[in-house]
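Peer 1: Letter by letter, the chains look like this.
2 protein chains.
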Amino acid sequence: MDASAEVDHLAAERSAARFDVEAMKVAWAGSRHAVEVGDRMARLVASDPVFRKDNRTMLSRKDLFKDTLRKAAHAWKRIVELRLTEEEAGMLRLYVDQPGYVDLHWGMFVPAIKGQGTEEQQKKWLPMAYKFQIIGCYAQTELGHGSNVQGLETTATFDPKTDEFVIHSPTLTSSKWWPGGLGKASTHAVVYARLITEGKDYGIHGFIVQLRSLEDHSPLPDITLGDIGGKFGSGAYNSMDNGVLRFDHVRIPRDQMLMRLSQVTREGKYVHSDVPKQLLYGTMVFVRQTIVADASKALSRAVCIAVRYSAIRKQFGSQDGGPETKVLDYKTQQSRLFPLLASAYAFRFVGDWLKWLYMDVTQKLEAKDYSTLQEAHACTAGLKAVTTSATADAIEECRKLCGGHGYLNSSGLPELFAVYVPACTYEGDNIVLLLQVARILMKTLSQLTSGKQPVGTMAYMGNVQYLMQCKCAVNTAEDWLNPVAIQEAFEARALRMAVNCAQNIGQAANQEEGFYERSPDLLEAAVAHIQLVIVTKFISKVQQDIPGPGVKEQLQNLCNVYALYILHKHLGDFLATGCITPKQGALANEQLGKLYAQVRPNAVALVDAFNYTDHYLGSVLGRYDGNVYPALYEEAWKDPLNETVVPEGYHEYLRPLLKQQLKLSRL
Amino acid sequence: MDASAEVDHLAAERSAARFDVEAMKVAWAGSRHAVEVGDRMARLVASDPVFRKDNRTMLSRKDLFKDTLRKAAHAWKRIVELRLTEEEAGMLRLYVDQPGYVDLHWGMFVPAIKGQGTEEQQKKWLPMAYKFQIIGCYAQTELGHGSNVQGLETTATFDPKTDEFVIHSPTLTSSKWWPGGLGKASTHAVVYARLITEGKDYGIHGFIVQLRSLEDHSPLPDITLGDIGGKFGSGAYNSMDNGVLRFDHVRIPRDQMLMRLSQVTREGKYVHSDVPKQLLYGTMVFVRQTIVADASKALSRAVCIAVRYSAIRKQFGSQDGGPETKVLDYKTQQSRLFPLLASAYAFRFVGDWLKWLYMDVTQKLEAKDYSTLQEAHACTAGLKAVTTSATADAIEECRKLCGGHGYLNSSGLPELFAVYVPACTYEGDNIVLLLQVARILMKTLSQLTSGKQPVGTMAYMGNVQYLMQCKCAVNTAEDWLNPVAIQEAFEARALRMAVNCAQNIGQAANQEEGFYERSPDLLEAAVAHIQLVIVTKFISKVQQDIPGPGVKEQLQNLCNVYALYILHKHLGDFLATGCITPKQGALANEQLGKLYAQVRPNAVALVDAFNYTDHYLGSVLGRYDGNVYPALYEEAWKDPLNETVVPEGYHEYLRPLLKQQLKLSRL
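Residue numbers (full-length UniProt numbering), protein chains in the order written: chain A, 1 to 667; chain B, 1 to 667.
Hints may be right or wrong, so weigh each one.
The list makes no distinction among identical chains, and a pair is therefore deemed to hold if it is satisfied within one copy or across any two copies.
Stated by the list, open to error - Below 20 Å or equal to it, Euclidean Cα-Cα: the simulated SDA-like pairs (lysine to any residue) are:
#, residue 1, residue 2
1, Lys569, Ala586
2, Lys583, Gln469
3, Lys638, Leu172
4, Lys77, Arg336
Don't read these hints as lab results, they were simulated from the structure. Values in this document were obtained by computation on a predicted structure and should not be read as measured data.
Given the sequences, and given the hints that come with them, work out the whole structure.
Peer 2: Now the structure itself:
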């Protein structure tokens with residue numbers, strides 16, 4: 001990617017690949033068009049000095065925030081100047097790769113108004129938002145209340161005398177806390193508060209509230225605003241002004257309540273509109289689909305760095321003192337790294353499928369067909385939970401796989417981890433989401449007896465008679481390459497775990513109490529169900545026609561790696577439920593080893609197919625040209641500590657110590 | 001711990017405990033004396049404003065480093081002024097809790113001279129080191145060479161003409177890289193280099209090399225010195241000046257080679273002394289023992305924060321809209337958190353046992369008895385690997401268990417994680433160490449046939465006939481409370497996994513090739529062996545007499561939690577090797593749920609027993625008094641971003657955007 005590179009230290013690795021990398025880029029990106037747009041936007045960002053980020057981890061919080069404001073404004077300027085399409089603009093923002101208020105403005109504020117505002121409200125607010133005449137954020141979570149929206153304390157009390165809502169923070173714990181873009185940048189917010197009218201609490205509703213003056217950006221009267229402080233890592237999410245917000249009886253006009261689903265009349269009557277509530281689920285499916293897509297991006301970046309550096313780094317030699325061996329040639333490295341490479345592809349393809357699911361759900365909602373909504377909700381919630389947790393763990397594993405140097409900021413991995421991990425908590429804590437999946441699994445099982453056929457990703461549960469007693473037919477290691485064998489083993493495992501849970505809950509005196517007691521097992525059952533979904537979608541993908549020499553074969557290998565790795569990792573599930581025998585488990589593990597050997601010569605090309613620029617990767621270890629050591633050495637000298645040869649503090653704190661004059665010194 | 005606290009929000013939790021916390025403090029610390037010294041030193045540090053660390057994550061790299069120099073000098077001043085004992089001084093440094101050059105000076109430089117220097121060399125160098133007239137570090141790893149000491153490239157060539165060694169860095173990759181204290185603070189280093197004399201390479205040896213002037217701290221001629229740059233996290237390990245060092249034909253006197261084990265004569269002859277090489281293993285056992293002790297400290301801090309905050313934080317309510325439930329009351333929270341609480345205690349006790357092992361090894365070495373050396377080495381290497389990996393994962397899990405707020409620096413958890421994770425890589429990469437354990441397991445198995453009885457933690461392998469065919473006798477969930485059943489299941493699992501590996505390796509044409517091919521399985525076998533060691537030592541501990549009402553019962557519970565959690569987590573191992581049946585696995589899981597319920601009322605008191613001050617914990621969420629939300633709110637305002645209401649950059653980058661004047665502005 002670096003045009004100035006003269007030597008490609010990974011050239012031999014690249015020429016060993018047994019497939020067409022350009023065709024794989026298309027398979028990864030989804031289309032030739034997507035490759036082209038991505039490539040163009042990535043280069044646009046990489047070549048613009050304003051978007052430089054190699055010094056990011058060294059900036060103070062204030063400088064980092066200012067840098068974020070600068071990048072956001074510059075990106076917008078380029079988007080306008082170059083008349084970029086929405087797709088191109090999205091790509092550009094992706095490659096700028098720095099969290100900031102813009103993410104919440106486009107990702108939460110605008111969609112909230114679109115989804116929950118009336119046509120009139122949309123006509124009033126969206127044009128201003130589209131032009132950035134206002135900057136908006138999404139103020140839901142509170143200091144004392146995260147996942148449980150129904151527990152929020154902020155109130156919006158209707159005052160019929162003035163036709164206004166009074167927004168108020170009655171307690172310390174009701175302070176809005178965490179919203180991105182709130183702390184310093186936003187002029188407006190969609191604020192969630194308990195609607196109270198005619199003395200009655202109607203629960204949580206959204207309100208558009210102006211927070212700051214459009215003239216001088218100072219907070220409006222009776223509004224307290226600030227940043228909630230430093231977060232995990234250097235650089236990372238510290239570019240975002242996650243904020244705190246308190247209201248002291250702040251008045252807004254009645255028409256700033258988002259009124260698509262329900263309204264308060266001039267007289268203070270609370271009325272529902274005829275728009276079905278279910279429409280809101282569409283937004284949730286959409287947001288979570290983007291989170292799954294982001295998981296595959298973050299994971300693939302980490303894997304790209306780890307694979308390339310593992311093909312450069314050498315450790316230990318043959319017994320006879322010959323040259324050291326590439327780390328990537330060690331079976332222990334392969335058995336830890338290649339499953340993560342396979343996971344990156346698996347999450348990518350299940351993310352693509354979620355895009356289709358979102359369209360399907362949207363169409364059905366428009367036709368008032370709610371039959372697949374619950375299943376789609378369970379599926380997206382579960383995929384969000386499983387892919388983000390796996391990705392967070394995998395980034396850290398990739399860091400460890402790079403040895404000591406992975407601990408340096410110049411490796412890019414510490415920041416990648418720190419900036420990624422909140423995905424496990426935001427938009428639904430992963431544990432809470434998995435329990436929702438489990439609840440729907442239990443419901444689906446209980447409805448089987450009444451003859452209700454499960455749909456979509458839960459359709460396999462209708463096959464309960466067969467799956468409860470089927471025996472895995474695998475006799476040789478190669479038999480595990482048969483997708484039918486894999487699919488059936490995963491279906492049987494997921495179903496039997498769910499049925500076990502249902503039986504145990506059934507024995508409890510109280511169903512809710514039983515669910516609570518068995519919740520750790522239910523989490524495991526939910527994970528098993530979601531892993532089945534991922535495996536199923538990967539299998540469908542590789543059964544399609546995929547153009548390009550060798551591309552399909554590579555993806556089949558990775559699909560098998562993913563499935564057999566999950567099987568090995570969760571062997572206890574498969575054995576405890578009798579889905580496979582210990583012998584069959586050993587054969588799966590044997591086949592996995594053989595698959596690693598097939599991935600090995602293709603590993604570098606498989607991460608090249610992600611088509612990431614060195615700018616976007618942001619890692620000395622992951623450089624395209626593999627010229628790692630001179631770059632590491634060069635980066636070191638940029639640290640502020642190296643500005644002076646003798647460190648600041650020497651005269652006060654080192655010299656008196658060395659000269660035995662400490663007692664005389666004031667410290 | 002905070003004397004000014006007026007309300008104890010955790011008082012009800014504390015009074016619910018069914019054991020004597022003061023007695024548990026003694027059990028945790030090892031003795032009443034250790035509690036007393038720890039308490040005194042912790043308070044000394046906490047009450048001294050110089051040791052303040054609540055602003056640490058906000059400091060620039062330079063200010064952080066200067067702060068570290070200041071704390072180190074001040075700590076030394078206090079140690080001297082108060083005439084602290086070595087034990088007290090060590091405790092004081094522990095509670096200062098900021099990585100710095102002092103750690104390497106005392107932990108590596110001094111021990112290297114003690115272990116590898118002649119009596120004469122010790123007499124010359126140690127008094128200077130003891131008084132800090134010189135500051136030393138340990139320069140082993142190189143830019144291109146980490147774990148493989150034999151791959152180091154730096155050379156020390158003897159020049160008989162001048163009676164000197166010429167230290168040289170022949171390549172870029174031979175640059176010394178990572179040594180703590182090297183970058184800015186140290187005046188001297190023990191440098192490891194290939195000893196070349198009479199044209200022959202005698203491999204890696206240690207040399208004392210002066211790096212900086214004792215007059216003005218500038219690097220000596222032909223020596224390049226610097227810091228290697230920022231590392232994971234804010235604060236964290238960035239207080240340490242991990243360094244880079246290059247030599248351009250630097251000359252040192254011959255007598256600065258560490259000559260206890262071998263010497264170069266005036267004429268340039270390489271000769272071995274009569275000191276046995278095995279003595280060096282004693283040092284390795286010592287260092288790794290301290291790492292295991294550190295694991296239990298880091299883990300217990302994270303668990304203390306997560307348990308206390310989980311007893312404060314509430315989420316979701318009963319179905320009928322009642323008050324929200326304490327997060328600690330959720331079974332899913334318990335099933336994730338209590339195993340980590342149990343692990344903290346497990347690692348603490350196995351660490352205590354390692355102290356005994358170190359004494360035992362030292363005594364035997366002095367008596368030239370090397371019979372247990374290999375087993376002791378395998379055991380410490382493996383325990384280092386397993387406890388540090390588990391601790392790193394557990395700290396991050398504790399952070400996630402605190403929800404979103406765990407992502408704030410004020411929670412203390414991001415820094416705790418970032419500062420801890422290098423333990424997985426330094427002093428032997430965990431994977432490399434586990435393969436060493438596996439190699440000794442294979443050797444021990446192969447020697448069984450020749451009648452050689454395994455010793456110490458491998459003694460159970462002598463029981464191979466029985467363990468290969470024994471059947472677990474568990475019939476009820478309560479049967480799993482029998483330590484004999486647990487012990488046998490863990491022994492059988494470890495042994496059978498090792499035997500499987502040995503059989504598979506035996507089928508390979510070449511043993512070394514077979515070992516390489518099977519290395520992923522060997523890792524798992526090594527982990528199984530080490531988990532057995534931890535379980536065994538925990539069981540021995542709770543079978544001893546432990547004073548104090550209820551203390552022994554609590555530890556028995558935690559021991560069972562640890563064992564059954566590991567069994568559940570690695571259920572696949574136990575089932576695949578036929579050590580237990582699926583039914584018995586389900587019973588273990590059932591018993592685990594019951595144990596969690598017993599831990600629940602004692603959880604807060606069990607973390608109080610660690611006896612950590614709020615200063616040492618460094619966490620708003622982990623406050624002793626549980627007054628979390630006001631503290632979080634207060635911390636937020638300290639962020640530099642809150643110094644101004646309108647952020648820097650508003651006029652350049654926000655106002656032009658909002659005013660639609662971006663095209664006119666220069667960005």
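Peer 1: Using 20 Å as the alpha-carbon threshold, which applies to Lys569 and Ala586: within, between, both, or neither?
Peer 2: Cα proximity of Lys569 and Ala586: in one copy and across copies (12 Å, 18 Å).
Peer 1: Please work out whether the CA atoms of Lys77 and Arg336 approach to 20 Å or closer within one copy, between two copies, in both situations, or in neither?
Peer 2: neither (43 Å within a copy, 48 Å between copies)
Peer 1: Classify it for me, Lys583 with Gln469: is the Cα-Cα distance of at most 20 Å met within a copy, between copies, both or neither?
Peer 2: Cα proximity of Lys583 and Gln469: in one copy and across copies (18 Å, 17 Å).
Peer 1: How would you classify Lys638 and Leu172 at a CA-CA limit of 20 Å: within, between, both, or neither?
Peer 2: between (43 Å within a copy, 17 Å between copies)
In summary, the structure is inconsistent with hint 4 from the numbered list given earlier, while agreeing with all the others.
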